[in-house]
Structure formats: C-alpha cells, structure tokens
Amino acid sequence: MLILQIAILVMVAAAGTAVVLTRDPTSQVIGISFFGLLLALMFFIFQAPDVALSQIVIGAVALPLMFLLTLAKVRLNVDIARISDQQNAKRKENEEAA
Amino acid sequence: MSRRVRSVLFVGSALAVFFVYLWAARGLPRFGHYQGPYGDVINQVGVFERHATDLVTAVNFDYRGFDTLGEEFILFISVIGVTLLLRQQPEEAKDEQDNMAKNDESLGRDAPEPSDATKVMTLALVGPLVAFGIYIVTHGQLSPGGGFQGGVILATAPLLVYLAGDYKTFQRVASHTVVEIGEAIGACAYVAVGLAGMAGGGLFLQNVLPLGTTGNINSAGTIAVISAGVGLEVAGGFVLLMHSFLEQALSLRLRSKQ
Amino acid sequence: MSLLPFAIAAWLFIIGLYGVVTSKNFVHLIMCLVIVQSSTYVLLLAIGYKVGGVAPVFAGVKVGTPAVDPVVQALMLTDIVVEATVAALLLALAVQAQKRFRTLNPDKLQELRG
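Chains as they are written, first to last, in the working numbering: chain A, 1 to 98; chain B, 99 to 356; chain C, 357 to 470.
Worth flagging that the hints you see were computed from the coordinates, not collected in a lab.
For glycine and all other residues, C-beta sits at the position ideal for the given N, C-alpha and C.
Do not take every clue at face value.
To be verified - Below, simulated DSS-like cross-link-like pairs (lysine-lysine); rule was C-alpha separation at most 30 Å, straight line:
hint	chain 1	residue 1	chain 2	residue 2
1	C	Lys406	A	Lys90
2	B	Lys266	A	Lys92
3	C	Lys455	C	Lys380
4	A	Lys92	C	Lys455
5	A	Lys90	B	Lys192
6	C	Lys464	B	Lys192
Said to hold, decoys possible - FRET-style restraints, in silico, Cβ to Cβ:
hint	chain 1	residue 1	chain 2	residue 2	range
7	B	Arg101	C	Arg458	42 to 48 Å
8	B	Phe302	A	Arg23	45 to 51 Å
9	A	Gln87	C	Leu360	24 to 30 Å
10	C	Leu360	B	Arg102	30 to 36 Å
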C-alpha cells in the first residue's frame, strides 16, 4: 500500500476522534467540516471521483450549515424562554402586591 | 441505567466487537485484490452495452436504477418531514414574540450588513456555479458527475445569494412554491421514465431511448433524462431544507425589519 | 498492514458509538452519528479497491485496463446524500425537543414529561 493511502487513512481516523472528543457543538461544526474534506480527499486517493464530488459539497457546505442554523435557533429559543420567564415572574409579583 | 454503568458496559462490548470483527476481516479477500465477478463484468461490458463512459452513473441509473429510485424517495420524504416539523408557528406565539422583542433589545439582534467584498465575491460566483452545476448534471454519463452531484452543487447557488444580501432576496430568487413544484416534477420524472420503459420495452426502467455514440453528450438513452430529473429533485430538496432552517433561525429578525 | 482500512472502519464506528453513548448534548450526538455513517464508506471503499486500478470512468482510457469496482461506488454516492437529509430530520427533531422540554441533554430528555 502506498504511503499516501496509509497517511490519509490515519488522518481520517484522527479527525473522527477529534470530532467526537470535542464537546462544544459550535467548535465541533468546524471539526466536522474538516472531517468531510478529509473524507473527500480519501475518496480521490482511492480512485472514486464521483463519490468525492458528492462528499465535498455535502460534507463541507450543507451539513455544517444545517448544524449552525440549528444551534442559532436553539440559542434564540433559550433567550425567548428566559425572557418569558422573567415576564411571568414580574406578573406574579404584581398580582401578589395587588 | 446510569451514565457510569452505560459507559462501562459500552467499553467492554466495544472491545469484544473490535476483536471479533478483526478476526472476521481476515476472512475477506486481501485488501486491493477485489475478486467479486460483478464489478469486473460491468467494467468489461458497460461501455458497449450502454454507450456510456462513466460506469458509476450507468450503474446508478440503469443497472441498479430501482435502488436509486428508492433512495431518491427517502430524500423526498425526509424533506417533507423537515418541512412539517419546522412549520410556521401559530399567530399568537408570533405576536407574543414580537412584544418580547420590542421590550428586550438583545432578542433577535441584528447581524451586521455583509461587507462589499463578500457581496462582490458571492454574486460574481453565482453565475459560474449554476453553469457548473448544469454541466455536471448533463455530463453524468461521460465523466464523473450525474444527478446527485450536480443537484447539490445547484442547491448552493441560492445559498450564495443569501450570504451576499438579505434573506428577502433569497426568498425572491428561490421562492418556496417554485422550488416545491420543481422538486415534485423531478421526482415524478423518474417514475415517468420508468413507466415509459414499461410501455416501450416491457420492463420498468428499461433503457428505451436511442443509445447514440459513446463519448457524445447525446448518448446512453434514459440515463441522461433520469440524471436531469434527479438533479432537479435533489437541488429542490436541499433548497427547501435551507428554507425551513433559515425561516426558523431568522424569524424574529425578519419580522422586526418589516 | 493490509488490515488497516478495515481496522480504521471499525475504529470510526466504535468511536462514533462511544460519542453517542456518552453525549451530553443532542446536537453533539447527531454529529457523532455522522461519524458512524462515515465508517461504512471506508469499509465499502476498501472492499472494492484494486491495487493499480484506475477509476471506473473510461473516457479516453481503453476498456480493459483494470479498474476499481463501480458498484460499491454507486452505493456510496446515494448514501452520502441520504445521510445529509437524515441528519436534517434529526436536527429538526432536536429543535422541537428543545422548544418543548427546554433542554438538549439526552439524559434529561427522558425524565421531563408533559
């Protein structure tokens, strides 16, 4: 087996481990984008150009985009929940005072 | 089951699985010495039987076209699922959120306008990207490419428009109804080609169009038509996915600007 | 040494599954699922590879040169697109779960009811 093939396989395994061991989702998205690019490179080295084309666009663009949008929506929901809790608490105080 | 018990159980079984798997992998043919007859047979006869030079696309849309039909419908149904799960909230929830946004400034905070450099770069790339996507879809039977790859490349063109300008421009360029209709037409085209095969030759998805000369773009019969249908459907599906997620994440910011 | 690709596929599967089992955040769990799916690509690629083979595209290449297997590549191609849409469906579920239960921790998602 060529050195290139061994090297890319080891790099893919290392990148996969790094993605799992990063716990914060926002930093993990960058990791998964990089993992997708490494996978696409591996597909090229193993003589599979069709699959590599597919993987480049999906692994590096579409998947990280959806993850980031989900994280943005979750942050928005957390803010909305916090503010509505504050408003409810204030309303209860006013009712008890009255 | 608590976390610790779960982790300990997992590590034990993972080690067992790893070693049993490696012991079983020694029974596979050695890496690099692929023996199975199916791939070799297709490599020998594929070019002559179907007049197509890219055999992966030929396998995808012709020799194993029925599997690809199933996979395409998995995509279609997942997009329906996402659109259903992330559908618009009822009107009272929207008014409540707008009230909250008026009283509290940090909610739905405004993102800065994209810089001129970003706008120029992304808008300049939209045209070449659409042309490139159509090229990959139509040359699927000649060189690496095909419906799936070209479809996802086409789906990133509206995304560039969103990055350059506003979400409103994105909505005007890729309006929801048009994209939905396009995606449905793409999905129906695949089934229609299959039924045409049944009408023309007797089998579902049989290759009934003239095969043409190898190396020409006008070759390989129904593979080109199916490729175009799949490209339309995949592009429409991914744009719809982006629509649903963007609507959710940016709902407050958009309503506050109106 | 010729077992390396199969070992890498098994390693990716196990490390992804470890991430799923010990995850504290639902979105992190979904990304580990993507890693598990990638292990199948490595395995399929390793099965179809031929030493000295070229890509199964015969534009300008004489028919008869040893090429790698096109059937496994066709399987992987559609699988990648389907993986992205399945991840999208799971993410939509995560958004709705967070809105309803106000947490993304998979352990706590089981306890809060109603």
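Right, here's what the structure says about each hint:
1. Taken as a hint, the C/Lys406 and A/Lys90 pair is broken in the structure, with Cα atoms around 71 Å apart against an allowance of 30 Å.
2. This hinted pair does not check out: B/Lys266 and A/Lys92 have alpha carbons roughly 40 Å apart, beyond 30 Å.
3. Straight-line distance between C-alpha atoms of C/Lys455 and C/Lys380 comes to about 17 Å, which keeps the hinted pair within the 30 Å bound.
4. About 23 Å separates the Cα atoms of A/Lys92 and C/Lys455, which keeps this hinted pair within 30 Å; it holds.
5. With a C-alpha separation of about 21 Å, the suggested pairing of A/Lys90 with B/Lys192 holds against the 30 Å cut-off.
6. Among the hinted pairs, C/Lys464 with B/Lys192 is consistent with the structure: their alpha-carbon atoms are about 28 Å apart, no more than 30 Å.
7. Checked against the hint of 42 to 48 Å, the C-beta distance between B/Arg101 and C/Arg458 comes to roughly 21 Å, which is inconsistent with it.
8. Between B/Phe302 and A/Arg23 the beta carbon distance is about 49 Å. The supplied range of 45 to 51 Å therefore holds.
9. Roughly 59 Å separates the CB atoms of A/Gln87 and C/Leu360, a value that falls outside the hinted 24 to 30 Å.
10. Under the hint 30 to 36 Å, the C-beta atoms of C/Leu360 and B/Arg102, about 33 Å apart, fit the expected range.
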